[in-house]
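*Asks:* Residue-level listing of the chains:
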Amino acid sequence: MKTLAWWLVRAQFRSRRAATLLSLLAIALGVALGYAIHLINDAALADFSRAMNTVQGDPDAVIAARDSAGGVPLATVNEIARDPAVLIIAPVIETRVRIAQARTPIRLIGLDVFSAAAVMPRLLPRQDDRPATGSIVDGGVHASPALLAQLGLPIGAPVTLTRGDQQWSTIVAGDLPATGPDDLLLVADIAWVQEHFGPDDAVSEARVRLAPDTDVAAWRAALTQRLPAGLLLRAADDDRARVSNLSRAYRVNLNVLALVALLTGAFLVFATQLTAVAQRSTQFALLGVLGLSPRMRLLQILLEGLAIGLPGALFGLALGYGLALGFTQLLGGDLGGGYFSASAPLIVPQLAPALGFLALGCIASLAGALYPAYLNRMQPLAQALKTGFAQRPRPAGRSRSRLLLPMLLALGVFGLTRLPPLFDLPLAGYAAIALVLVIGIAAAPLLTQRVFGYFARQSLPAPQQIALQNVAQAPLMAQVAASGLIVSFALTASMVIMVASFRVAVDHWLDEVLPAPLYLRSKATPLPQELLAALTRPEAPFARVERTAHASLTLDPQRPNVGLLVREIDRRNPAARLPFTGVVLTPPPDMAVVWISEPLHEIYRISPGETLPLPLLGGEFEVFVGGVWRDYSRQFGAIVISRDDYLRLGGVFQPTDLALWPLTGQEAAAVAWLAPWTVNYGLELAEAADIRQLSLSIFDKSFAVTYALEAAAMLIGLFGLAVTLAAGVWLRAGELATLGALGFSRRMLSRAVMLEGALIAVIGLLIGLACGVAIGAILTHVINPQAFHWRMPLDIPWLVLLTGAASTLAAAVVASHYAARQATRLPVAQVLASAQ
Amino acid sequence: MLTVADLSKRHARASRPLFSGLGFAVAAGEIVALVGESGVGKSTLLNCIAGLETAGSGTIRIGPQATDIVRLDEAARAALRASSIGFVFQAFHVLPTLTVAQNIRVPLLLGGVPAGEHAPRTRLLLERVGLPGFGDRWPASLSGGELQRVAIARALVHRPSLILADEPTGNLDPRTAGEVLSLLLERVREQQASALVVTHSQHVAQCCDRILTLTPDGLA
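Residue numbers (this note's numbering), protein chains in the order written: chain A, 1 to 836; chain B, 1001 to 1220.
These are calculated hints, taken from the structure and not from any lab test.
Treat the hints with care, as some may be off.
[To be verified] Not everything, but these chain A residues come out facing chain B in the computed CB check (under 10 Å):
1. THR3
2. TRP7
3. ALA11
4. SER15
5. ARG17
6. ALA285
7. LEU287
8. LEU292
9. PRO380
10. LEU381
11. LYS701
12. ARG747
No experiment lies behind these values; they were computed from the predicted model shown.
No residue lacks a Cβ here, since even glycine has one placed at the ideal position from N, Cα and C.
Put together the whole structure using the sequences plus the hints.
*Replies:* The structure is reproduced here in structure tokens:
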């Protein structure tokens, strides 16, 4: 029996070489994309975790301030150190400083070398006797090899570190041999960092190693109860979860896109196997008559599907590994997402995920072969042996009951879109998208029968009449041919709609958040007081200057930090500067007010009118939530507080960013006036137009991968149409030959087949467009808010969509030409003779 | 050996049965022709005997064990066909994607005949049907007469106890038809199988041992 199965599989590959090969390639593409995304992301996460481990070591707990501007008081550190369960406590001060040679601020870590040796050994300086190097306690800084290479500094070189107005002139005393190739950092003794940059009475973090017999969980729970409100205790698991959460939604979204490619592959297997079953129905009937059991007939088609899926998936794994290497070289470790370092991480093939994706490829091809296998199983042998595969058109009277299922499924889609995210992911939204596609494909036969049945009853020239009649009477074949187009065009249209809606929304948003012509920023370190003072003098060529201080807060240790923006904003009229999405509430006069970003509102479920315990300045303050504003730049949320409220709560306003309005006619002079400051302090000056252009180009880059997938999906859909039409010609060879004998010219036959292709494409595109709009709305209103916490109005670019549909229709007609050519080459006499 | 007793068949929604109370037997080594007008139910009777259509009532016993195919489920009917029945069709039905030898070996594979016997049996049958050395050829390169010889070899290769032939010479010219018919009858008698041949041809019917005529009122 195995021999027979193998013969039939080989025969399938031999007789339907192109269709089988393309199905195999489609499966390979889906597997390759999924596996590549997995490998890249895994490598990027591993890279990120490794970098974090280098800096943080492997402590049992980390005590830190919730507010990036705050710190852990030394008194608290000393109290924890006295706990008998604490073996070692390593205090750390971490800040960012500028070096003249560097374009961006550098991370400076101040540590106590003795405690660090136990908790963070990778941060220890090299121990050797070279005369240029000095001990860390003598006041030098040690740089990572990557930083030394980037700056071109030799060991022993003098270096000046600047933070705001504070400066520290020292030497590069040595390097940090255990740091990684992407780690750009400086390490110095904590006392020296404290002396030059402060603070005197606190540290950024205290990293704790507990005695071996300690119940770590119980100790952490007890300490958490005792800690002041402004402090938090983090465990290594929290950090891992935070890193994973950082890119989780983006990663899942890319994986879903890869699954879409796999789904398209499954449809191609479906089209190939169904046409194969139709073409070989007489052969399978004969095998049934000779004694091949129904179960074996079913298994044979599944086996043939697997014979496409298995090599396809294996090829996909190899291709995926290659793509992972290529993508990381081109786009970096986060595929343009902006979450991790842009350098290419080391890609290592992994067995377990490879087996998982191999199984997915096989499952997709088996799923594609399932319905054809069922049809093959159910074909009545005697009839199939006599007349081959035949589909009886369904009576039109049953259409009402056939409408019921799509309507119930549509209700299901509506229900799924109302569900909240599961595990912080829009899983119900993805299920709704799959259901929309199922409805689209299920509706194809009914629509085909109704629309073309109507037109077929009209008085038309013979080729048109024949084409319409055939499409109307063989809705299953039309469904197969159209299904690839429905899926591919729906997904492409939906992505176009979502991206267009997003782009238009970002464009409007940029208009609102960039009111000033010029922006100056220091990238996380305070701006020099000298500059701020100079800007207030009358000779400064500016009509208006607005200052902002950027910091960050930890609301949940397992989630990425949220941004804190202290702005010079009128608390009575915040709408003048912030793009609010809804009502703006007037705060109680004696209470500080904050305005939260849309992602924060979505993630933490905080709404206007509520009070929020804000961990700030080492304490916790009840603040009033005055409104929700739109923010597309900070995916994990941001809070704006007015400078006046911040000062009232006891904060120190240290601006990091400036919005500048030059005096009228003095725009060039303003840029020239700022030039020395940008050079001397390494500040970044940009015009609003440049920021807008850069933002939109980053936006376009982040969707680059999806465009490639859309193009692949459209090609696969068109190919599915061509294959099915060609198979249709083969199946109807007798009918077409009869028409030829009755007087149809080759030209008329060609026209009829091409028209048939165009009609099926029209149905596919119409349904695809409708599904695309529905899926676009789900992506915009469900997936985006749930996965990325961004909301935006739906903006359908009809002109682009209709142009795309027209181009696809033209391409479908060209694809039909292949089938039409086959029809014109039919040896009429021979076909008629063999049909007798 | 084939024994049909009290066999009835009614198509769904038909007002009267296609046939009822049919009974006849075909002994081992006997060749019986089944004739009758178009639409009287010859092919349906043949399909019922092969288990391709289900009979309404009655028994159809096949082979030395007299297995009643009417009582079997679909899978068991397929297994019985694979072991005990050989088929010859008017349209040849030779699989175009398999070579001549592979086509002939299909019943051996389905019947679970040990692999060591496949090549010698196939070679022998090819010689017996007058196609020695044709094993590696593709069906597309064969004439109608040659294709029907391949079909006869395939019908006999697993040594079935019953051969069912539906218009076996219907697609052949008279000279080739005569050759193919002689070959079929010779080989069936040689193997001591029972054969039921459905035909419209008086010449074919005359060559058989016995003629059964199916009419709307039953067998005559």
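*Asks:* For each hint, tell me whether it holds in the structure or not.
*Replies:* Each hint, compared with the structure:
1. Evaluation of the A/THR3 hint against chain B yields a held restraint, the C-beta minimum of about 6 Å falling below 10 Å.
2. At its closest, the beta carbon of A/TRP7 sits 6 Å from a beta carbon of chain B; the interface hint therefore holds under the 10 Å criterion.
3. At a threshold of 10 Å, the smallest CB-CB gap from A/ALA11 to chain B is about 3 Å, leaving the interface hint in force.
4. With a cut of 10 Å, the hint placing A/SER15 at the interface with chain B holds, because the nearest CB-to-CB distance is about 5 Å.
5. The beta carbon of A/ARG17 comes no nearer than 12 Å to any beta carbon in chain B, farther than 10 Å, and the hint placing it at the interface is violated.
6. This hint holds: A/ALA285 has a C-beta 8 Å from the nearest C-beta of chain B, less than the 10 Å allowed.
7. Checking A/LEU287 against chain B: minimum C-beta separation of about 7 Å stays under 10 Å; hint holds.
8. Below 10 Å, beta-carbon pairs count as interface contacts, and A/LEU292 has one with chain B at about 6 Å; its hint therefore holds.
9. Look at A/PRO380: its Cβ gets to within about 8 Å of chain B, closer than 10 Å, so that hint holds up.
10. Interface hint status for A/LEU381: upheld, as the beta-carbon distance to the closest one in chain B is roughly 5 Å, under 10 Å.
11. For A/LYS701, the interface hint is violated, since its Cβ never comes within 10 Å of a Cβ in chain B; the closest pair sits about 49 Å apart.
12. This hint is violated: A/ARG747 has a C-beta 29 Å from the nearest C-beta of chain B, more than the 10 Å allowed.
Checked against the numbered hints above, the structure violates hints 5, 11 and 12; every other hint is satisfied.
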